[in-house]
Amino acid sequence: MPRITINGKTVEVKEGSTIIQAFKESGQDICHYCWHPGLSVAGVCRLCMVQIEGMPRLQIACNTEVKDGMVVNNTSDTVKETVRWGLDFHLINHPLDCPICDQAGECGLQDQYMKFGSYDPEMAEKKVKKHKVVDLGPTVVLDSERCILCSRCVRFTDEVSKTHELGIFNRGDRSEIGTVEGKPLDNKYSLNTVDICPVGALTSKDFRFRQRVWYLKEGDTICSGCSTGCNVKVHFNEEGVWRVKPVYNKEVNGHWMCDEGRDTYKHVNLKVRMQAAQVGQSGAWQLIEPAEALRQVGPKIRDLAKTGKSDKISLLITGQYTNEEYESLFKMAKELKISKAYHWFNKAKDKDNFDGILLRGDRNPNTHGLLDAAKAHGIQLGSLEQFSSGASGAEMAIVAGPEDFAHFPELESILKAAAGAKLLVWLSSGVPNGLSEVSCETFAIPTKTYIEKMGSFTNHAGLKQCFKVATTIVPQALNLSEICELIQGRELNWALRPKAVGGAKANYAIAEQGAL
Amino acid sequence: MQESKLLTEHYNKPDFTSLAGYKKYGGYQVLAKALKMEPKAIIEEVKNSGLRGRGGAGFPTGTKWSFLPNNGEPRYLLCNADEGEPGTFKDRLMMERAPHQLIEGMVISAFAVGSKKSYIYVRGEYDHSIAVLRGALKEAYDAGFLGKNILGSGFDHDMDVYQGAGAYICGEETGMISSLEGLKGQPKLKPPFPAIQGYLRKPTIVNNVETLAAVKYIIRDGAAAYRKYGTEKSAGTKLFSVSGNVVKPGNYEIPLGTPLKDVIFDLCGGLKPGRTLKAVIPGGSSAPVLTAEESMKATMDYECLAQMGSMLGSGAIIVIDDSNSMVDLLDVIMHFYHHESCGQCTPCREGTGWLAKIVHRIRSGAAEPKDIDLVEKVSKQMMGKTICALSDAAAMPAISFVTKFRSEFEAHMQKTRSAVGGSAHA
Numbered sequence: 003m004p005r006i007t008i009n010g011k012t013v014e015v016k017e018g019s020t021i022i023q024a025f026k027e028s029g030q031d032i033c034h035y036c037w038h039p040g041l042s043v044a045g046v047c048r049l050c051m052v053q054i055e056g057m058p059r060l061q062i063a064c065n066t067e068v069k070d071g072m073v074v075n076n077t078s079d080t081v082k083e084t085v086r087w088g089l090d091f092h093l094i095n096h097p098l099d100c101p102i103c104d105q106a107g108e109c110g111l112q113d114q115y116m117k118f119g120s121y122d123p124e125m126a127e128k129k130v131k132k133h134k135v136v137d138l139g140p141t142v143v144l145d146s147e148r149c150i151l152c153s154r155c156v157r158f159t160d161e162v163s164k165t166h167e168l169g170i171f172n173r174g175d176r177s178e179i180g181t182v183e184g185k186p187l188d189n190k191y192s193l194n195t196v197d198i199c200p201v202g203a204l205t206s207k208d209f210r211f212r213q214r215v216w217y218l219k220e221g222d223t224i225c226s227g228c229s230t231g232c233n234v235k236v237h238f239n240e241e242g243v244w245r246v247k248p249v250y251n252k253e254v255n256g257h258w259m260c261d262e263g264r265d266t267y268k269h270v271n272l273k274v275r276m277q278a279a280q281v282g283q284s285g286a287w288q289l290i291e292p293a294e295a296l297r298q299v300g301p302k303i304r305d306l307a308k309t310g311k312s313d314k315i316s317l318l319i320t321g322q323y324t325n326e327e328y329e330s331l332f333k334m335a336k337e338l339k340i341s342k343a344y345h346w347f348n349k350a351k352d353k354d355n356f357d358g359i360l361l362r363g364d365r366n367p368n369t370h371g372l373l374d375a376a377k378a379h380g381i382q383l384g385s386l387e388q389f390s391s392g393a394s395g396a397e398m399a400i401v402a403g404p405e406d407f408a409h410f411p412e413l414e415s416i417l418k419a420a421a422g423a424k425l426l427v428w429l430s431s432g433v434p435n436g437l438s439e440v441s442c443e444t445f446a447i448p449t450k451t452y453i454e455k456m457g458s459f460t461n462h463a464g465l466k467q468c469f470k471v472a473t474t475i476v477p478q479a480l481n482l483s484e485i486c487e488l489i490q491g492r493e494l495n496w497a498l499r500p501k502a503v504g505g506a507k508a509n510y511a512i513a514e515q516g517a518l
Numbered sequence: 383m384q385e386s387k388l389l390t391e392h393y394n395k396p397d398f399t400s401l402a403g404y405k406k407y408g409g410y411q412v413l414a415k416a417l418k419m420e421p422k423a424i425i426e427e428v429k430n431s432g433l434r435g436r437g438g439a440g441f442p443t444g445t446k447w448s449f450l451p452n453n454g455e456p457r458y459l460l461c462n463a464d465e466g467e468p469g470t471f472k473d474r475l476m477m478e479r480a481p482h483q484l485i486e487g488m489v490i491s492a493f494a495v496g497s498k499k500s501y502i503y504v505r506g507e508y509d510h511s512i513a514v515l516r517g518a519l520k521e522a523y524d525a526g527f528l529g530k531n532i533l534g535s536g537f538d539h540d541m542d543v544y545q546g547a548g549a550y551i552c553g554e555e556t557g558m559i560s561s562l563e564g565l566k567g568q569p570k571l572k573p574p575f576p577a578i579q580g581y582l583r584k585p586t587i588v589n590n591v592e593t594l595a596a597v598k599y600i601i602r603d604g605a606a607a608y609r610k611y612g613t614e615k616s617a618g619t620k621l622f623s624v625s626g627n628v629v630k631p632g633n634y635e636i637p638l639g640t641p642l643k644d645v646i647f648d649l650c651g652g653l654k655p656g657r658t659l660k661a662v663i664p665g666g667s668s669a670p671v672l673t674a675e676e677s678m679k680a681t682m683d684y685e686c687l688a689q690m691g692s693m694l695g696s697g698a699i700i701v702i703d704d705s706n707s708m709v710d711l712l713d714v715i716m717h718f719y720h721h722e723s724c725g726q727c728t729p730c731r732e733g734t735g736w737l738a739k740i741v742h743r744i745r746s747g748a749a750e751p752k753d754i755d756l757v758e759k760v761s762k763q764m765m766g767k768t769i770c771a772l773s774d775a776a777a778m779p780a781i782s783f784v785t786k787f788r789s790e791f792e793a794h795m796q797k798t799r800s801a802v803g804g805s806a807h808a
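Sequences listed follow chains A and B, in order. Residue numbering for the first sequence follows my numbering, beginning at 3 and increasing consecutively. Residue numbering for the second sequence follows my numbering, beginning at 383 and increasing consecutively.
Calculated from the structure, these hints are not laboratory results. Note that beta-carbon positions come from the ideal geometry of N, C-alpha and C, so glycine has one too. Any given hint could turn out to be false.
[As the list claims (entries may be wrong)] In silico DSS-like pairs for lysine-lysine, Cα to Cα no more than 27 Å straight-line: (1) B/Lys-759 x A/Lys-82; (2) B/Lys-566 x A/Lys-16; (3) A/Lys-164 x B/Lys-572; (4) B/Lys-566 x A/Lys-185.
[Stated by the list, open to error] Which bits of chain A does chain B cover? Going by a derived footprint, with three or more residues having C-beta under 8 Å, they are: (5) 39-46; (6) 81-89; (7) 127-141; (8) 175-188.
Take these sequences, add in the hints, and give me the full structure.
Written out as structure tokens, the structure reads:
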């Protein structure tokens, strides 16, 4: 392995690494825009200039391979001056409209100017006028004047999504990113271009103008959109969650995530959530505390078990819960001798689909975990059809329903089928359509969404990924483990419950002490 | 003084363009000779001749050829006929007057480097050159100088003419390769160099029209005979395109090392009556300008001009007399580079535009003295910072103009334009 000296510090790097990778690995600052670890080298921003001993000219670190014994620095006055001017060249035609720019606060130009620039600009000419508010496609809007032509987005559509929608048109300082007529930027990964855009040129239609990023907090979690289990962070404030962005994980998703996964914040926000337990039946509903509802329904379940009627209880489970929740659920089933369990596998026929990049046909984060847990507990899971046909006339149905309704088109019909039992315990994060018409005795309990709980999902490949609580939107919602505890007549430590909506700090205590 | 007509000996004969006429003056006899030689011996001969690239960079041709890797991959020979450097018009003459000379030189070169396919990439505006070349190619194919088993040697070679789309940047070798590949004409990152991964990511040699044509004469007469022309480090003859304020502008073939003074005042008939020499651009618009005093001392070879801080470039001599304003000229030059920057690298994309705007503002009389310094500062930061040399090509004239003719630029601050002459429009 070659050893090189960077700013006086000797580091050992992998054979074939570039100097910029060596900088990154050794944790040293280097200015750059066009280089991105997930894309090919373009070498056009000319900011990662370094001085290599024995070479007369400055070299770009992104396209220079390390050689054993190389001595490199980017702290000499020549390099600093070059980078300072390089930044100025980027900024002379940039509109500097930070106050109205969505990228402000997470902008490469702002950050790098503060770190490597800090000069008085000498540009006194009129700036080049380019197209504003260019509609590139269903998800992304372009402001060409803000664009610094780093070509990251073009390379993304060429190399990652392989959809080739974007190109750079015209030449010189008239160059602009654009699409060909009739072929808009429309692919399942289009919003990654917004993430990798170092400036405010590409903005997400879903997010733009909605929040100032410096008011947002972030929390890491695992995307619940499919069985790939992309590592993501959610951005939220007191009003709710606003967006989902990918977090690098070499093993799972690399640098990217799909556009559908970015929509998984939409089912966690307050206005689509069930905020109190709904107890009763058609025409006679009452809203009560979820815990209170469980204190009422718990004895009924336990009575059935005590009187040897456990086989009259059927349990229907989706693949949307954590491994830890399944563990609690199956433990409870064992304790109450419930043996009829069914797997609600939505879109089951698509389960093995894969688009070759990230998105999988199994739109549940933890089908793998559910099957593993059932196997570990010796529980044979029946099919959704078996549940539907056997539910009618049963004493009781307990449904651990979905949190993300978007992928459950059969939701209403399953609710109807489940309502064939004499008593229905329905668990889900939102209020399903048709709930108010259910005619059997029903306890609908709000559950937590993936951003509100800690635990682990096991992805399609069997990789178990743990995550903490990112934030809390509905504090009264319960996770499956808590629900099982209450059904079995055991109380929770209420002192540890989240008190306020939002605010990661308040929730960290829960995460660390274990809400499960 | 007289021209030394080696390449251009028969250019004044109208039938030299046709195959029959070309053969009359010994055409394709050198090819027959070359095909009987070892390819390595040809490369060695070219190396010994001291031939340097005539397109602008002046890189030793034989050395370039020996960079090709021996990996069994197909190799390409590209002829750079995208003559775009302002002031240069020699390749056009060579293609229009002597298309077979180029083809013969190319087949010899292709044989030396082991290439079975070559392209002549011609500047988009050169419609006539392209027509002449296409006609000559057909003749050469019909006569068996191209195609399979050329002259019974067992060597196969195919050649095509490709018409560019009129971009200056496609004269840069990797920009040309991109364009030939059907991509936007933008230079490629180096490494890898074209000799390793060029056209279609295969080993590729790119040479200028004049370089390839000269190979014929090196093989015909031998390296030693070629070396009799020129100087130690600048061997051979070179075509110079002389334009500007001389009595007889045009293409002249002279040995390298000829004094610039002789070229202007003898070959080209000097300046128009009553005019005095102000400056000379010795190697195309990207070469730093020489003052009248410097140009009287200059000799037209790689080393002398490099020593004077300028360059031989493509051999375009632009003569400027006292009827021109240096500010006007720089404005035009900066407009050109702004227009032709491909826009890939930031310092060039933004810098060329910035320079064009500052210089234009100076020309219009709306500038302050500090703007002259800014031209120099911006230019210096554009040099050596980009993928290709276009940025340098814009910066070098800018620096030389404002430093050597600062007083003219300063005069524009005071709006006393009559002091320096030139057009009043801006």
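Is A/Lys-164 close enough to B/Lys-572, meaning Cα to Cα at most 27 Å? The given pair, whose Cα atoms are some 25 Å apart, holds under the 27 Å limit.
Three or more residues of the segment 175-188 of chain A near chain B by CB distance under 8 Å? Answer holds; 3 residues pass the 8 Å Cβ test.
Taking only the CA atoms, is the gap from B/Lys-566 to A/Lys-16 under or equal to 27 Å? violated, 34 Å
Given the proposed pairing of B/Lys-566 with A/Lys-185, does the C-alpha separation stay at or below 27 Å? holds, 19 Å
Does the structure keep B/Lys-759 and A/Lys-82 at a Cα separation of 27 Å or less? holds, 15 Å
Would you check chain B against the segment 127-141 of chain A, counting CB to CB pairs closer than 8 Å, and say if three or more residues qualify? holds (count 3)
For the segment 39-46 of chain A, does the count of residues with a C-beta closer than 8 Å to a C-beta of chain B reach 3? holds (count 4)
Taking beta carbons only, do three or more residues of the segment 81-89 of chain A come closer than 8 Å to chain B? Check passed, 4 qualifying residues.
In this structure, the one hint that does not hold is number 2.
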